[in-house]
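Asks: If you use the working numbering, the sequence shown corresponds to residues 1 to 144, in order.
For the record, the hints were derived by calculation from the structure and aren't laboratory data. Be careful, since some hints might not be right.
Simulated pairs of lysine-lysine, DSS-like, Cα-Cα distance not exceeding 27 Å [stated by the list, open to error]:
id, residue 1, residue 2
1, Lys-76, Lys-4
2, Lys-48, Lys-4
3, Lys-3, Lys-23
4, Lys-3, Lys-27
5, Lys-90, Lys-76
6, Lys-23, Lys-48
7, Lys-101, Lys-69
8, Lys-3, Lys-76
9, Lys-3, Lys-48
10, Lys-101, Lys-90
11, Lys-3, Lys-29
12, Lys-48, Lys-90
13, Lys-23, Lys-69
14, Lys-48, Lys-27
15, Lys-101, Lys-27
16, Lys-23, Lys-4
17, Lys-29, Lys-48
18, Lys-4, Lys-27
19, Lys-48, Lys-76
20, Lys-29, Lys-4
21, Lys-76, Lys-101
22, Lys-90, Lys-69
23, Lys-48, Lys-69
Okay, the calculated beta carbon distance ranges per label pair [unchecked claim]:
id, residue 1, residue 2, range
24, Phe-41, Lys-3, 22 to 28 Å
25, Gln-114, Lys-3, 16 to 22 Å
26, Val-107, Gly-2, 43 to 49 Å
27, Ser-24, Asp-115, 21 to 27 Å
28, Ala-26, Arg-109, 32 to 38 Å
29, Val-136, Pro-108, 22 to 28 Å
30, Val-73, Glu-6, 22 to 28 Å
31, Arg-109, His-137, 41 to 47 Å
32, Gly-2, Lys-76, 25 to 31 Å
33, Val-136, Gly-79, 16 to 22 Å
34, Val-49, Ala-26, 16 to 22 Å
Everything numeric in this text was worked out from a predicted model, so none of it was measured. Every residue, glycine too, gets a C-beta built ideally from N, C-alpha and C.
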Amino acid sequence: KGKKLEIVCTVSLPGGEGIALAKSLAKSKVPVMLVADLQAFSWLMRCKVFLVGADAWCEDGLVHKVGTKHLAVAAKQLGVPVWSVGTSEKRLPLGWNERMKGDAPLVPRLPIAQDRTLYDLTEWSLVTGIIDENGVHRLESGHV
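Kindly produce the complete structure, drawing on both the sequences and the hints.
Replies: Listed below in structure tokens is the structure:
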């Protein structure tokens, strides 16, 4: 209460989930700025907290879109806490493996090699905590 809430929301390619989130926030009268994914780095130093979704939470850390880990590293260096938001069904009882990288859409008719990695792993040591339907869970020993 009494705090001014402003949201900087990335587009979140390739799926563009951030666009729907920004529209929903704007419709609810929450001040929101939609930015390109890589612009997140320039906005990070102005943030009080870095909230990120979760495609999964595994034993080794947060599984989310490529680039999440690098943003979390930058946030830690800037002293910005990193919180992951999702539902408890995102918890996986296994460790990170190469199959979790997924595949981003192929750029058609391009006769060169493409790295289509979709997800990366952000180790728990970079995450302050998680928020799910059961509450706020601060990480104590570097894992969920």
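Asks: Which numbered hints turn out to be false for this structure?
Replies: 15, 25, 27 and 29
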